[in-house]
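Student: All chains should be built: construct the whole structure from the sequences, respecting the hints.
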Amino acid sequence: MAEARTLSRNADIHTDDMDEFPPLFLNRANKQIRTNEKTRHTRLINRIKKHMAELGSRTELNFMRRNLANQLEECIRAHKIYQSSPTQRQNPEHEWVAKLEQATTKYYGRIDNYIRTAPRAPSTSSSIQSTITSFSLPSQ
1 MAEARTLSRN ADIHTDDMDE FPPLFLNRAN KQIRTNEKTR HTRLINRIKK
51 HMAELGSRTE LNFMRRNLAN QLEECIRAHK IYQSSPTQRQ NPEHEWVAKL
101 EQATTKYYGR IDNYIRTAPR APSTSSSIQS TITSFSLPSQ
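Numbering (full-length UniProt numbering), first residue to last: 1 to 140.
Simulated from the structure, these hints should not be mistaken for lab results. Accuracy of the hints is not assured; some may be wrong.
Have a look at the derived ranges for each label pair, beta carbon to beta carbon [to be verified]:
no.	residue 1	residue 2	range
1	59	102	39 to 47 Å
2	80	54	16 to 24 Å
3	84	50	14 to 22 Å
In the SDA-like style, the derived pairs of lysine to any residue whose C-alpha atoms are separated by at most 25 Å in a straight line are [stated by the list, open to error]:
no.	residue 1	residue 2
4	80	53
5	99	69
6	99	53
7	80	25
8	38	116
9	38	117
10	31	68
Please read these numbers as outputs of a predicted model, since none were measured by experiment. In this text, a Cβ means the ideal position worked out from N, Cα and C, and glycines have one as well.
Tutor: Here it is in structure tokens:
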């Protein structure tokens, strides 16, 4: 039978994380969080584009607009966490947030224009209500 490999002399020594030597996975994990939030932001913008192209409900679009504002805040929060990691302090990325804010502002304008000028029923609830009244029983 083969003998078990002996442990390294340093195997039982655990050093604390320091600013000089942060854990290697921290930057990657923080960047992944930021990437996930940016992906959610991009997917929401794509859903908004599709919704407007299909002449969707203005009420739903209004909810998507609120979600877009919340998602922008989540992206900024994730970016701040990413920027707080020790190796990123020397290399700030201010353009990342500026580009997100610019894209979000652009879609706020498109959403507001769509809500003002869309030629159809004002909301999902009113179209549901009209459907219900059309199926109601005739009065005697």
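Student: Evaluate each hint against the coordinates.
Tutor: Results of checking the hints against the structure:
no.: 1; hint: 59 <-> 102: 39 to 47 Å; result: 27 Å, violated
no.: 2; hint: 80 <-> 54: 16 to 24 Å; result: 36 Å, violated
no.: 3; hint: 84 <-> 50: 14 to 22 Å; result: 35 Å, violated
no.: 4; hint: 80 <-> 53; result: 34 Å, violated
no.: 5; hint: 99 <-> 69; result: 14 Å, holds
no.: 6; hint: 99 <-> 53; result: 24 Å, holds
no.: 7; hint: 80 <-> 25; result: 17 Å, holds
no.: 8; hint: 38 <-> 116; result: 28 Å, violated
no.: 9; hint: 38 <-> 117; result: 30 Å, violated
no.: 10; hint: 31 <-> 68; result: 21 Å, holds
Consistency note: the structure conflicts with the earlier hints numbered 1, 2, 3, 4, 8 and 9.
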